Every structure is written in structure tokens, then in C-alpha cells.
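Asks: In case you want the letters, here they are:
Protein chains: 2
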Amino acid sequence: MSVPANEKHGPRVVIVGAGFGGLTLAKGLAESTYDVTVIDRHNYYLFQPLLYQVATAALSPADIAAPIRAILRGQANTTVVLADVSGIDVVGKQVIVEDRRFPYDLLLLATGAQHAYFGHDDWAEFAPGLKTIDDATYLRRQILLAFERAEASSDAAERAQLLTLVIVGGGPTGVEMAGAIAELAKRALAADFRNIDPKSTRVVLLEGGPRLLPTFHPSLSEKAQRSLEDLGVEVRLGAMVTACSADAVAVGDERIETRTIMWAAGVKASPAARWLDVPTDRVGRVKVEPDLSVPGHPDIFVLGDTALVLGADGQPLPGVAPVAKQQGAYLAKLLVARTKGRTLPPFRYRDYGSLATIGRSHAVVDFGKVHLSGFVAWLLWSFAHIYFLIGFRRRAIVALHWAWSYITFQRGMRLITGSTGSRLKDDAGKEGEGARMRGVA
Amino acid sequence: MSVPANEKHGPRVVIVGAGFGGLTLAKGLAESTYDVTVIDRHNYYLFQPLLYQVATAALSPADIAAPIRAILRGQANTTVVLADVSGIDVVGKQVIVEDRRFPYDLLLLATGAQHAYFGHDDWAEFAPGLKTIDDATYLRRQILLAFERAEASSDAAERAQLLTLVIVGGGPTGVEMAGAIAELAKRALAADFRNIDPKSTRVVLLEGGPRLLPTFHPSLSEKAQRSLEDLGVEVRLGAMVTACSADAVAVGDERIETRTIMWAAGVKASPAARWLDVPTDRVGRVKVEPDLSVPGHPDIFVLGDTALVLGADGQPLPGVAPVAKQQGAYLAKLLVARTKGRTLPPFRYRDYGSLATIGRSHAVVDFGKVHLSGFVAWLLWSFAHIYFLIGFRRRAIVALHWAWSYITFQRGMRLITGSTGSRLKDDAGKEGEGARMRGVA
Numbered sequence: 002m003s004v005p006a007n008e009k010h011g012p013r014v015v016i017v018g019a020g021f022g023g024l025t026l027a028k029g030l031a032e033s034t035y036d037v038t039v040i041d042r043h044n045y046y047l048f049q050p051l052l053y054q055v056a057t058a059a060l061s062p063a064d065i066a067a068p069i070r071a072i073l074r075g076q077a078n079t080t081v082v083l084a085d086v087s088g089i090d091v092v093g094k095q096v097i098v099e100d101r102r103f104p105y106d107l108l109l110l111a112t113g114a115q116h117a118y119f120g121h122d123d124w125a126e127f128a129p130g131l132k133t134i135d136d137a138t139y140l141r142r143q144i145l146l147a148f149e150r151a152e153a154s155s156d157a158a159e160r161a162q163l164l165t166l167v168i169v170g171g172g173p174t175g176v177e178m179a180g181a182i183a184e185l186a187k188r189a190l191a192a193d194f195r196n197i198d199p200k201s202t203r204v205v206l207l208e209g210g211p212r213l214l215p216t217f218h219p220s221l222s223e224k225a226q227r228s229l230e231d232l233g234v235e236v237r238l239g240a241m242v243t244a245c246s247a248d249a250v251a252v253g254d255e256r257i258e259t260r261t262i263m264w265a266a267g268v269k270a271s272p273a274a275r276w277l278d279v280p281t282d283r284v285g286r287v288k289v290e291p292d293l294s295v296p297g298h299p300d301i302f303v304l305g306d307t308a309l310v311l312g313a314d315g316q317p318l319p320g321v322a323p324v325a326k327q328q329g330a331y332l333a334k335l336l337v338a339r340t341k342g343r344t345l346p347p348f349r350y351r352d353y354g355s356l357a358t359i360g361r362s363h364a365v366v367d368f369g370k371v372h373l374s375g376f377v378a379w380l381l382w383s384f385a386h387i388y389f390l391i392g393f394r395r396r397a398i399v400a401l402h403w404a405w406s407y408i409t410f411q412r413g414m415r416l417i418t419g420s421t422g423s424r425l426k427d428d429a430g431k432e433g434e435g436a437r438m439r440g441v442a
Numbered sequence: 002m003s004v005p006a007n008e009k010h011g012p013r014v015v016i017v018g019a020g021f022g023g024l025t026l027a028k029g030l031a032e033s034t035y036d037v038t039v040i041d042r043h044n045y046y047l048f049q050p051l052l053y054q055v056a057t058a059a060l061s062p063a064d065i066a067a068p069i070r071a072i073l074r075g076q077a078n079t080t081v082v083l084a085d086v087s088g089i090d091v092v093g094k095q096v097i098v099e100d101r102r103f104p105y106d107l108l109l110l111a112t113g114a115q116h117a118y119f120g121h122d123d124w125a126e127f128a129p130g131l132k133t134i135d136d137a138t139y140l141r142r143q144i145l146l147a148f149e150r151a152e153a154s155s156d157a158a159e160r161a162q163l164l165t166l167v168i169v170g171g172g173p174t175g176v177e178m179a180g181a182i183a184e185l186a187k188r189a190l191a192a193d194f195r196n197i198d199p200k201s202t203r204v205v206l207l208e209g210g211p212r213l214l215p216t217f218h219p220s221l222s223e224k225a226q227r228s229l230e231d232l233g234v235e236v237r238l239g240a241m242v243t244a245c246s247a248d249a250v251a252v253g254d255e256r257i258e259t260r261t262i263m264w265a266a267g268v269k270a271s272p273a274a275r276w277l278d279v280p281t282d283r284v285g286r287v288k289v290e291p292d293l294s295v296p297g298h299p300d301i302f303v304l305g306d307t308a309l310v311l312g313a314d315g316q317p318l319p320g321v322a323p324v325a326k327q328q329g330a331y332l333a334k335l336l337v338a339r340t341k342g343r344t345l346p347p348f349r350y351r352d353y354g355s356l357a358t359i360g361r362s363h364a365v366v367d368f369g370k371v372h373l374s375g376f377v378a379w380l381l382w383s384f385a386h387i388y389f390l391i392g393f394r395r396r397a398i399v400a401l402h403w404a405w406s407y408i409t410f411q412r413g414m415r416l417i418t419g420s421t422g423s424r425l426k427d428d429a430g431k432e433g434e435g436a437r438m439r440g441v442a
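Sequence lines, in order, name chains A and B.
So the mapping is simple: the working numbering equals the position in the first sequence, first residue as 1, plus 1.
So the mapping is simple: the working numbering equals the position in the second sequence, first residue as 1, plus 1.
Keep in mind that the hints were calculated from the coordinates and are not lab data.
Incorrect hints may appear among the rest.
[Unchecked claim] Beyond 10 Å from chain B on every Cβ pair, some chain A residues (computed):
no., residue
1, His10
2, Arg74
3, Ala157
4, Ala313
5, Ala397
[Said to hold, decoys possible] Derived pair list, reagent style DSS-like, types lysine-lysine, alpha-carbon separation capped at 27 Å:
no., chain 1, residue 1, chain 2, residue 2
6, B, Lys334, A, Lys200
7, A, Lys341, A, Lys370
8, A, Lys28, B, Lys187
9, A, Lys28, B, Lys200
10, B, Lys94, B, Lys370
11, A, Lys187, B, Lys269
12, B, Lys28, B, Lys334
It should be emphasised that the depicted structure is a prediction, and the values quoted were computed from it without experimental measurement.
All C-beta atoms in this analysis are idealised placements derived from N, C-alpha and C, irrespective of residue type, glycine included.
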């Protein structure tokens, strides 16, 4: 494939999606001769692995997110666009955003994944997932309101229902959520109520398969389960969810009464394949060539959760950040090589291992040959996550929050904000109490 | 007035509103024999003087807010209730919350103030104010989206309209907002866009009276105005707003094209007086006795922004935090004294001075006889605000954010979240791009 140049600029590269893959790619093109446009529907890059900590009131959104514009500010060849892509004109070579068109010479789709409810899209209303900051603050609100409503309730059955929190899915997100919620209830909130005992909160983790963390070594799955059970989490394996509603989740014939269900069970790819009208696998991922280009479209590449790439073992690569980042780095190198008339061998993923944390001082780390668990693994997990956060300020603040939480067991971000899904009425423009005055204290 | 005791507990004290006044009062009753209930419609205490920093992306909500339950956790005699009070039954001595009733022996109303639009309640939609965290994140979203939309616009008039931000009201909130927005536009965002120049942003501060900061010494009003003008703010005095709409604000016959109007012009008291059906002044404040009790209701007290109390100069005390806090402390002492058969002299306000900050390193401080401005005043302002924040962690984090912002000119919290009022569609449950993956980086 040749790289066409337009008159004023270098060849136009359009990247859709500024997650781990898209942003790594954009940064890798900083010194290139390309004219780069990055389109995302959020104005922030999100460090998604820590999103569960926002949902459980341990971190603030801004601790794990940074404005895309600020990250790419220094790249003179790069333009950032906040927009919601609605389609691709592969013939006219344009990305379609409402009434605007972004022409491209090379198109890179890093559009990620979204929740999948196994064909039960109606469950989404009752079992929200965790992909964006708004998801996280919504879940935080739901969890904290469950305790508030239980405290206000004079009905024992309703209290028990409100104090039952169910997480569906035993992968890393589900395991981390379950541990964080158990600690929130049994530690941070323990002394804060008068009519209920938050320690009696029932946290249920439902996993359809035979073990937690199925991509980890079985010994670590067992350790993770034991750590969760030590925190008081009820781990249910082989538990297939058959229904979700506003007041219960069904597992086979059993009905678990709850008002709070969190979905961490399945994802499907973004609609990129539909935009391109190309073949996908079962979860909507685009089957790409060894160089991540789309068959029949040498000017279009797909990376991250939306790409189906087979690993050395013949299995599809998992939808995790390291895969997306390595693909982003690979494509940046490939594109730069092409401007110099060179090319690169096919993409190859290097697996440096997997980590998942369980509560305050436990984690499991799977380096393939080496398996770690417990406090040392947790320290490793902490350093890895702080290291990969964007920017010095965020690292310092997160480290400070964690140190404080570690020492005090407290959660500082326990704010019930927004209004979606609340029985308390919307605040906006409404009269009411709550002394909030102006002036200096 | 005698203090009746019920059988099991001490006399029942119900405090409505956990702002500066209500919370100070509740904490003052920690060691008392009263059975205390604190009702607020938010689960957090808010350090409202710094709310404009959340709206301008300098701080996160959790940096200036703390869960009321956590603050009062250690007080065994105190129960916290998250609820929206709808009325008072003064005969049956009960606070009414939907279908619940909270009986009281003594009732303390610290229900604050809300925005007033001089009889034009329809302006509220176009000119939101700044009283709650949701107000602040909404405003932050609006301000940041104005720049994004301007960047996306190909129409010069529309761009100019989007890059005009208007603040109505030249009191401390308006002055601080104007300074913070000017710095956001001209410093933090300066290099982040490609099609617009944020430095060309027009920030207009409209004040109806003859000078800014009317409660400060005139020399400080002038200094504040000069500092704002140095930051590029257009200060308009004697500017009475005659209309607000989605695309303009009218000042007399002049029409200023804008999509972003912030209201900092007027407040009225909470509806406490209506609950009690007692006389008020023009802005709805309850005329109270020298001990802050309500005439004809010796068992009900009103404090803070909702109370009309005359100062030594015969003028009503301003609706600022120090007044509310001192009244809360006074009432706590009065109530405790009564349990010992004693009473106290009338409430007297001690004015320790006023502070307002203008941008990154200027402030004005009015100690009555001593007036300070410039960098020294700003340092004083910074220390005062950090000192009065609740909790060590918040102080450390805010200090760190400020130090970082001071050195780098950056704003870390520039996240566009939520969906209210956006032209970008709601995220929830919707397909789209934006690579956000699960796993460790």
C-alpha cells in the first residue's frame, strides 16, 4: 500500500477512540509526518482498570482520567475532536459525525468494547456495567443509596433486600468490585448507621464458570476466592443468571432479592465492524490481517477490544489494556516505517502477566511461570497501577488517597450526586433545605 | 422554656440542614444529654466557598465535600437522616418527610438559601447558579463544552457567541468565578485547541451596583476590579440584566450573545418560614428573637441564611459561612446551658473579616481596619480555606492540587461528565466508540 500525501499536510491519519490503544498510537505518531486527527466521544482518557475504585468511593473521577487535549497538546501535527462517530464512508474515505465529515488516508479504529447481556438487553437497566465515569458515579450513587434506604426502612425484608449487593461475573472487574464493596460495607461504613449494621451486608459474586478469574492460573483462582470469602463475600460458581429485575436476580430457579446488581459478565465489541460491513466473530470483533489491517481495506486498521487477533496459542487475545497498548505501539511504528518505504513483521503480543486485587492488601499476580498472591502481590499491583497512570499529579494524589485509606480504612469519595435512578427528587432548581452559604469560613 | 425529657432518651433535638450552621450546632451537642437527629437532603457536608473551583475544573467534588455520617460517626447521641423535608407540624411537633415523621422537643432550622432571579424564575434554566455539587459539575460541563463546540464550529459568529462567558453578580462568588474562568481559558486551555484561540475568550462580569464586592471596603473593590481586568475580564458596573435566554443575556437595551450564563446575583432564604407560617423579610428570612428562637415558637430556632438577625450596625447579618457557624456554636452552647438550668445572653456576631480571591495569586482581604490585597492576601486566603476544610486528607489533597496548579497553570479536573443539557447524546446503554478496556496496563 502506498501512502498518499495531500498538498498542505502529510497523509491524513484518523484515529477513532482515545483509550489505551488509540492514545498509544496517537502518541507514537507525534514525530511523524502524518496529519493526525483523534476522535473520541469523551473529552477524557480513562484509566479504566481503576474505575471500580470510583464506583466504590475510593477515588475521584479526575484521579483516573485526564483530558485528551491536554495529553496531546504538545503534538503540533495532532488535532483532537470530541464527537460521536456514526459511520464510515469507506468509498469516499470519510469518517461520519452527524453533519461533519473527516476525510482520511489511513483510518485506525480503536473503539473498544461495551457490555453484552447475552441477548437480554433489557437487563441493562437493572444491572448496569462499568465502562465510563458516568457508569462509575451512577453505581456509586446506587450502592450508597442502598445503605441510606435500608437505614430509613422499617421493614426487615426490605432492609435485607437493600443490603444484598450482587455482582455478576467473576473476572477481574467482578472480583475487584466484590472485594471493594465488601470492604466499603464492612469497614468504611461500619460505624456510620444507627438502624442497620452495614457489616451484615450480603455481597454475592456470581460466576457462570467453574472458577473465578478464568484467565489466571487455577491456584490463583482459588486464592482469590479464599481472599474474597475472608472478606465475607459469598462466591457462587457455576451460577448462571437467568433473569434480572428491579428487585431480584435469578440464578436458575433461585431468586436472590436485591436492589443492586452490577454487571461484569460479558462484553461485545464496538460497532466498528458494522460501520465497515466486514465479517466478525461471535462478539462482534473484526477479523484482521497479521498487520491489523482489515481484509479488503488496506487503508483501515482495527486494534484493541474491537480486533480479533489470535495469539501464539491459537486463541483470541483477551480484551485487556496491554493488548491494546501493544497494538497501538505496533501500528505507530508500522505507519512511521511506511513513510520511510519500509514495513514491519506481523504484530506479536508479549504477555507480561495479569494482576487482580482483592480488597485492601491482597492481590493475585500471574506471570505465567511465577504466581504471586497476598500482600507482596498487592504491593506490585499498587505500584503497577500508579506507574501507568497518566501524569505526575494523578500518581501523587492516588498514592496519597491509597495511603490514607490503607491507614484509616475510610473512603473519602462517598458522595451521592446526580439524580438518575434516585427516589430522592432532583435538586436542580428546586427549593429545599440544606444550609449552604456563601462567604469565607 | 422548660426542656421536656422523654423516657428513654434525653430531649429530642432535630436539626434540619447540615451546612456550616447545622453541622457546627450538631457537633456542639456531641457531649450533651440531647438525642440529636440531623436531617439533610444531601449525604455530604459541602465546603461551599470553594465550589467555584469545582465548576472551573481546579478541584474534584470529593476534595471539598465529606459524608455527614462520617463526620458525626463518633457522636453516639446523633442520628443522621438523608431526606427531603417537606413541612413542619408545629402543633404535633413533628418534622414531615414524605411518609415519615420525626418528633422533636426542640427544632433547629439551618436550611440555607437558594438562588433568586428577581421574579424571573424562567431565567434559572439559562443562568444556573452554584449551590450544590451537581450545580458545579453541570457548570463545569457547560463551560468545557462551550470550548469544544466553538472548536467544532465553522461559523465565526457562533464561535464568538460560544467563547463569550457571562457571570451575573459581582459579589465574592461572581468575582471568584470570573477570575477562575479567565485563567482557565487564557492559561490552562490556551494551547489545547487548533481551530480556536481560547485566549480570545470574552469573560464578562455584570454587576448591577456601582462597584464589585459591595460588602468590602471600596478600595478593595477597586483592586479586585483591576486584578480582574488584568486577567482580561470585562467588568461592567451598573449593568442590570433584563433578560436571559439560551443564546444571549440582555443588559438594558444591549444584547450580549452567549451560550453560557452563570448566576451569582441573588439569593433568597429556604422555605423554612413557609413551613412555619411566620413573618419574613423581603428575601424570605425568618425574623428571629435575640436568642434565634422564632417569635411565638420558643421550641423552634432558625440560624444561618434563613434567619434575619440584625448586627450591631442595625443592618441584617450577611448570608456567609462565619455567621452561620457562630450561630450554630451559640445555639449549641445555649441548649447545653439549658440542660443545666442556665441561659445565655443574646447572640452577637463577631466579624473577623472577609476574603475573596481573584485568579492564581491575587486576593482581597477586609479585616475592617486593615485591608490587604495581592499575593499576601492570596496566601492568607489559601491558608484560611485549607484550614477550614474538614479532615486532614482533604487539606493535604487540596494543598497538593493548588501547588500543582500554581506551578503548571493546569487544571486537572477538566472532565465532561453527565449528560444534562448536552448536545452530545447520553452515553448510558448506548453503542459507540472510545476504547475502554479491562485489564492491567
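Asks: Is lysine 28 of chain A close enough to lysine 200 of chain B, meaning Cα to Cα at most 27 Å?
Replies: 26 Å, holds
Asks: Should the label of alanine 157 of chain A as a non-interface residue stand, given a Cβ cut-off of 10 Å to chain B?
Replies: Alanine 157 of chain A clear of chain B: closest Cβ-Cβ about 17 Å, beyond 10 Å.
Asks: Check the non-interface label on histidine 10 of chain A: least C-beta distance to chain B beyond 10 Å or not.
Replies: Holds, since 12 Å exceeds 10 Å.
Asks: Keeping to a limit of 27 Å between CA atoms, is the pair of lysine 28 of chain B and lysine 334 of chain B held or broken?
Replies: Holds, because 11 Å separates the two Cα atoms, which is no more than 27 Å.
Asks: Once the closest CB in chain B is found, is it more than 10 Å from arginine 74 of chain A?
Replies: 5 Å, violated
Asks: Take a quick look at whether lysine 341 of chain A and lysine 370 of chain A sit within 27 Å of each other, Cα to Cα.
Replies: 40 Å, violated
Asks: May I ask you to check that alanine 397 of chain A keeps its beta-carbon over 10 Å from the closest beta-carbon of chain B?
Replies: 6 Å, violated
Asks: Hey, lysine 334 of chain B versus lysine 200 of chain A, does the alpha-carbon distance stay inside 27 Å?
Replies: 36 Å, violated
Asks: When you check the alpha-carbon spacing of lysine 187 of chain A and lysine 269 of chain B, does it fall within 27 Å?
Replies: Judged against 27 Å, a Cα distance of about 42 Å means the pair is violated.
Asks: Need the status of pair lysine 94 of chain B, lysine 370 of chain B: alpha-carbon distance at most 27 Å?
Replies: 46 Å, violated
Asks: A cut-off of 10 Å on Cβ-Cβ distance, and alanine 313 of chain A was said to be off the interface with chain B. Does that hold?
Replies: Holds, because the least Cβ-Cβ distance between alanine 313 of chain A and chain B comes to about 18 Å, which exceeds 10 Å.
Asks: Does lysine 28 of chain A pair with lysine 187 of chain B here, judged by a C-alpha cut-off of 27 Å?
Replies: 25 Å, holds
Of the hints listed earlier, those the structure fails to meet are numbers 2, 5, 6, 7, 10, 11, in rising order.
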